[in-house]
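Enquirer: Sequence:
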Amino acid sequence: MAFDEHILSQAGTGKGTAHTSSWEEVPWIKPMPDAPAMWRFSTFFKKILFWNRSTTGGWPAMKGSPCQILLCAVNPLILWVLILNLYVFGGMVVTSTTYISLLMSPPYNFTFTQIGLVRASPFLGALLAYPASGILTEYLAMKLARHNKGVHEPEHYLPSFIVPVITSSISLALFGFGAEREWNWTWIVLLVGLNYFSAISMATSNVLWITEAFPR
1 MAFDEHILSQ
11 AGTGKGTAHT
21 SSWEEVPWIK
31 PMPDAPAMWR
41 FSTFFKKILF
51 WNRSTTGGWP
61 AMKGSPCQIL
71 LCAVNPLILW
81 VLILNLYVFG
91 GMVVTSTTYI
101 SLLMSPPYNF
111 TFTQIGLVRA
121 SPFLGALLAY
131 PASGILTEYL
141 AMKLARHNKG
151 VHEPEHYLPS
161 FIVPVITSSI
171 SLALFGFGAE
181 REWNWTWIVL
191 LVGLNYFSAI
201 SMATSNVLWI
211 TEAFPR
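Under this note's numbering, the very last position in the sequence shown is 216; numbers go up by exactly one each time.
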């Protein structure tokens, strides 16, 4: 307790002591934290500048970035993922660039308003990809780690590629059949959403695999 420019302290035994200088004399007192620095716009601006963040690389290290990207691309552990991406995302490009013109032509004859509502299907497909490729994959990886005596391996994320590859193959093949044989429009919309689901799931699997296989 501070009183009349003195610090009065009382131990557990009831003995009281008067300190005349500072709080540091009291043996069981914890040091006071430093006062927070005043907020300044210049300090905040320096922290958000991307060229002011790196202390080891900077602009000279940026010159080596293309070579590093090329070396990563030819790495077998990443090359097969790139090839798989060409297939899955290529299928998404095919469906996304053709289903609008398909639904606006006979026998569907959709209006612009109906086409806008149809675009909810890709949105829902991408939204459902989060629990399927994120939460489910993490659960499966943890389960495989338990069977591996608690050791977590990058290969535990490989099963996450199974679902997007299967759904992409099925949706792309059925979309082609449905467009040629003029299936009901609900099938076209459903298959487009399923294809978007595959693409987003594949993107999530890519990030999980690369970050686990190459943590640095």
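It is worth saying that the hints were derived from the structure and are not from the lab.
For every residue, glycine included, the Cβ atom is placed at its ideal position computed from N, Cα and C.
Careful, some of the hints might be misleading.
Said to hold, decoys possible - Here are the simulated distance ranges between beta carbons:
| # | residue 1 | residue 2 | range |
| --- | --- | --- | --- |
| 1 | E138 | T186 | 30 to 36 Å |
| 2 | E182 | N148 | 48 to 54 Å |
| 3 | L136 | L86 | 23 to 29 Å |
| 4 | A61 | E182 | 54 to 60 Å |
Enquirer: The structure should be examined with respect to each hint, and the outcome stated for every one.
Expert: Outcome of the hint check:
no., hint, in the structure
1, E138 to T186: 30 to 36 Å, "33 Å, holds"
2, E182 to N148: 48 to 54 Å, "51 Å, holds"
3, L136 to L86: 23 to 29 Å, "25 Å, holds"
4, A61 to E182: 54 to 60 Å, "56 Å, holds"
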